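With chain G's structure known, arrange chains X and L on it following the hints.
For the protein sequence lines, the chains are G, X and L, in the order given.
Residue numbering for the first sequence follows the UniProt record's numbering, beginning at 1 and increasing consecutively.
Residue numbering for the second sequence follows the UniProt record's numbering, beginning at 1 and increasing consecutively.
Residue numbering for the third sequence follows the UniProt record's numbering, beginning at 1 and increasing consecutively.
FYI, nobody ran anything at the bench for these hints, they're computed from the structure.
Please read these numbers as outputs of a predicted model, since none were measured by experiment.
There's no promise every hint is true.
[Stated by the list, open to error] Think about it this way: if two alpha-carbon atoms lie no more than 27 Å apart in a straight line, the pair counts; the simulated DSS-like pairs of lysine-lysine are:
#1 K183(X) with K57(G)
#2 K281(X) with K478(X)
#3 K69(L) with K181(G)
#4 K351(X) with K63(L)
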Amino acid sequence: MLFAVDFFLRRLVQGLVIVVLVAMLIFTLLRVVPGDPVRIMLGPMVTAEMAEETAQKMGLRDPVPVQFIRYAAQVISGDFGHSFVRSAQGGSTGGSRGGDTFDASNRAPVMGLILTALPYSLLLAGLALGISLVISLPIGIVAGLFSGRWPDRLALYLSSLFVSLPNIWLALVLIFLVSVKGGLLPAIGYQNWTYAILPALVLAIELSPVFIRSASVAVSSNMMESYVPSGIIRGLSRPRMIVAHVLRNSMIPLLNVVGIQAIGLLLGSLFVIEYAFNYPGVGLLMINAVFQRDFPVIQAIAILACTVLVLVNILVDFAATTIDRRLQY
Amino acid sequence: MTTRRQVLVGAGATLALGAVGMPLAAKAQGKKTVVLASMGPLTGNFDPTSHTTLGQGNFDKLIFSHLTRAPMEEGKTDVLEPDLALSWQIIDEHTLEFKLREGVKFHDGQDFSAADVKATYEYASQPDRPASSFYPGQVEVEVVDPLTVRIKTDKYGYPASTFWFVSSYLPILCAADIADPAKLQSRPNGTNSFKYVMTEGDRSTLEAFDGYYAGRPKIDEIVYAYVPDANTRVLGLMNGEYQIAERLEPEQYQSLLSNDTVAVRKGMSTENKYLHFRCNKAPFDDPRIRLAACHAIDREQILALMGDAGVASNCFVSPMKFGYTDIPNYPTYDPAESARLLEEAGFPGGKGLPQLEYITSIGFYPKTKEYGELIAAMLMEVGFDVQLTVLEPAAWEQAIYRGADGQGPGHMCDVGWMTGSPEPDLVLRPNWHSSAALINGVNDAEIDAALDKERATLDPAERMKVLAEETFPLLAAKVPSFSLFSAVVFHGAAKNLKGAYYYPNGPIDLTKADLV
Amino acid sequence: MTPELVSTTSVAQPTLRGQRWLSATMFINAWRTTEFRIGFFVFFGLIVLSVLGPSLFGVSPTKISVTDKFLPPIGFEGGNWAHVLGTDQLGRDLFARSLIGLRNALMIGLISVVGMFLLGSAIGMIAGYVGGWVDLILMRITDAQMAIPVIILAITILGVSRPTPFSIVCVLILAGWPAYARTARSVMLSERRKEYVRAAKILGASDLRIMIVHIAPNILPPIAFVAVLEVARMMIIEAILGFIGIGIQPPTPTFGTIIADGTKYLMNAWWITTVPGLLLAISLCGINLMGGALERARNKLLQGVS
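For reference, chain G alone in the conformation it holds in the complex:
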């Protein structure tokens, strides 16, 4: 118990430092790029004086560090600000030349936008992880048990192939074959959860080489450990040995991979795949925000994505140490 408290305290502080650094980096990057956010908020028809006045009022002319501290204070109180371009109902807006100045109350709160999109992304990510584990664990474990023999080779070729398929291309090929030609699964947009299957499949294929590889490496190296023959000598059957000990011990590296690599990979690819499938998750929100230069949305999502990655890392490390107490942090 004490160990857990100590562990989380230390890691969370470290994580916080990382997140703050990341936030600073992204915040600064978005402030130094060309393009005046005031123009985006107010539309093109507003006068230069009005734009300047609004910018002053919103503090957009203050030095970047001052702006960052203000933003950070806001974020700590749970407010990620308001979108520049989305209406209070969350829709994209464009072309209005109404005289009114930017008013935060008629723009969508960023947190609300993210929370609306998040369930869709979680569904997609969960489905992708599930499909990927279902595909790759059996392959990886068998490859590990028969290290150096044909299942191992097969797994190797399969993952070489999977890792070489560009996800966007795979997405389009699957849309074409499965949805347009085959009519087997719906593909574009979102109406019900079946719309998540095809994008999840693309993500799963992208993820599975990582799983196959680490599962086979973990299993094969455990099989070479001395406890396997000694256990068998002591009368444990080979299948029982494999299931009870080898697989359990192989969990740790696998967990590490799930945490660090898979989530990192997923976080990036999810965005692209959501865009390719026009799937209304956080990724599509982010990419559209980039097109519309909706800075509050961009920075909030980027910061949250990094926070998720950092948290997952901490959890993974914690799980690894509880499974195997030799790994002390």
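Frame of chain G, contents of chains X and L only:
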């Protein structure tokens, strides 16, 4: 019988079960819902006078009525039908009278009367309203009795007959809303067959208006969805997610012709596609450079690329508009002339010209990116250094209109202009009169004079002549914008949707439509 | 990002000469495998094609010919030999465009991997060699940088500025260096206590000289072997950036833009998206086969030694 799809669905369901139990379930059935996949975003401001955008305009037309209707059926484009007005007549040069329909109600329950028409016309024609550039000029409205109004233009010095066709394009608002701008902007309140319910993200819901004067429509609900990608619109139409998809690509039209569940329609529109030059910014402040660019563009190639989606026209307005004519001096493809003009302007072979940014959209009109690349290549051929910027529709809508400083981003913009009724001034004044010049920013006294003269000409035959012999040739000589072609639009709709009327300027009337 | 890199950390390094011999052996062992050779020939075949192809066949990748739009690849009805892989929506030759796309993807992939390798290794080696505060600060920055997924970083930066090949490479380097820094640092930590380093110090060599001349040649080749795999990953990311529209800008063709522009025509001209993607997938397979073989050869040898 279990289909393969059901098996897959089942397999997936077990996987997803418990993963997320959020508002992902499909909506309850039983209602007749039409989901309209539109290529244009809403503006976020429900005051119809605050914009000149197509998406919001089409949305407005579902909710607001007009004094008259201009169905513009081919062959008889100049017919006006009664809507909120039952009859109309010209009293004298500066007075146009409308007799109004009785018993019309707004969606919020208020009665419609002459006071609403007065408030709307006087408000919408104020020069500071962004959409006022559509209208011929400011007006005063006299309320004769609760069901009679007179549009008067004598104070502003132009004929009232200019509002004859515009009456089918100016949406009628409620006087009480106009008095309260915040309310006007926050939700639309019209008299048409559908009333606004809510907006969720990029989907806005409308429901049948029980109090509609011609009876409640059979469709219960319209969901107006902003879907910025043509491919998505078509795939959604094919799998039944949408009942109507706007603006198909010509290839999609071809492949859908043989589809069992989707009906496609093709219709000439009132839209021309323009290449606007930012005329108040170097180098396009020099008409010779604009002409040089026009002569470098081979419009036949663009039309070959557009296929069925475009027809050739050598005029600044669409063939559906009054006054359309083949302008004799319209710039033709002539690279030698282009080179000569560039040299004359001091940029032989394009040397010395800055890099020019050409802003276009993707997903809004068919093939804009494709012909954008083509035009960029053709301009580079004669020495222009062109960089193509392709924007998503919402961002593009923000970029095209020039700013209060008089200028907008980039040097050239691809924009179409699609307005209702045969009235050419709905196109000419917003685009080329210096009081608006919404996109190109042209400020040319001669053009202004020509446009004012054309507006002031009463007799239709005479006006036609002025347009053909003075206005259009002048525009063709100065080319503040280059009209590339006239657009043919394709819509796709579910086969079971019957009775929808597609106006050639974009709006879709679902008043009499039904899902069978 | 690449934990395979990290596995070098625990390895006890033998003598200086042994180390260099080890690298050579790794390469020779990898070369002996079939996968490596298949990958090698596929990959270099495509490189030669992409360098010589466009001039060899005399087909322009940007020449627009509207009348030739939507020609299918040969073997399908309507295809012709002038356009082996067909044409796109503007009648441009897809084969020529794919080859240029491949060339650009390769350049960006190679340059960015070399860049992140150099930058990451340099930072990691300095952190490991100097230690103390420098180490702490550099490693915190590394951690922070590692917490940003590549794509998100790229979208954020490139999406709000105008992308050029240079800025794309910079972003990729910025996103990729931390993995190398971590690996290089941990190897450095064990390396700096070694006999030959102390010997060099006693002989009066400067720290910089020790790092570059003595240590780098020992610890970098094994890391570089694994970096080959990273080239493939960067090529995919380049395609993704093009797909979103924040990669190299038209008229220069890239895989991403070709694929993205062809999406609209999936129904009636499927080849525009599929054919270039297939070419990309084949070249990535080549790189991955080579990289994988190198990695396994290295792991086997290192395990054998330890």
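So, going through the hints one by one against the coordinates:
Between the alpha carbons of K183(X) and K57(G) the distance comes to roughly 25 Å, so the proposed pair stays at or under 27 Å and holds. The suggested pairing of K281(X) with K478(X) holds, with an alpha-carbon distance near 15 Å, which does not exceed 27 Å. Between K69(L) and K181(G) the CA atoms are separated by roughly 22 Å; this keeps the pair inside 27 Å, and the hint holds. Our distance criterion of 27 Å between C-alpha atoms is met by K351(X) and K63(L), whose separation comes to about 23 Å.
When each numbered hint is compared with the structure, no violation occurs for any of them.
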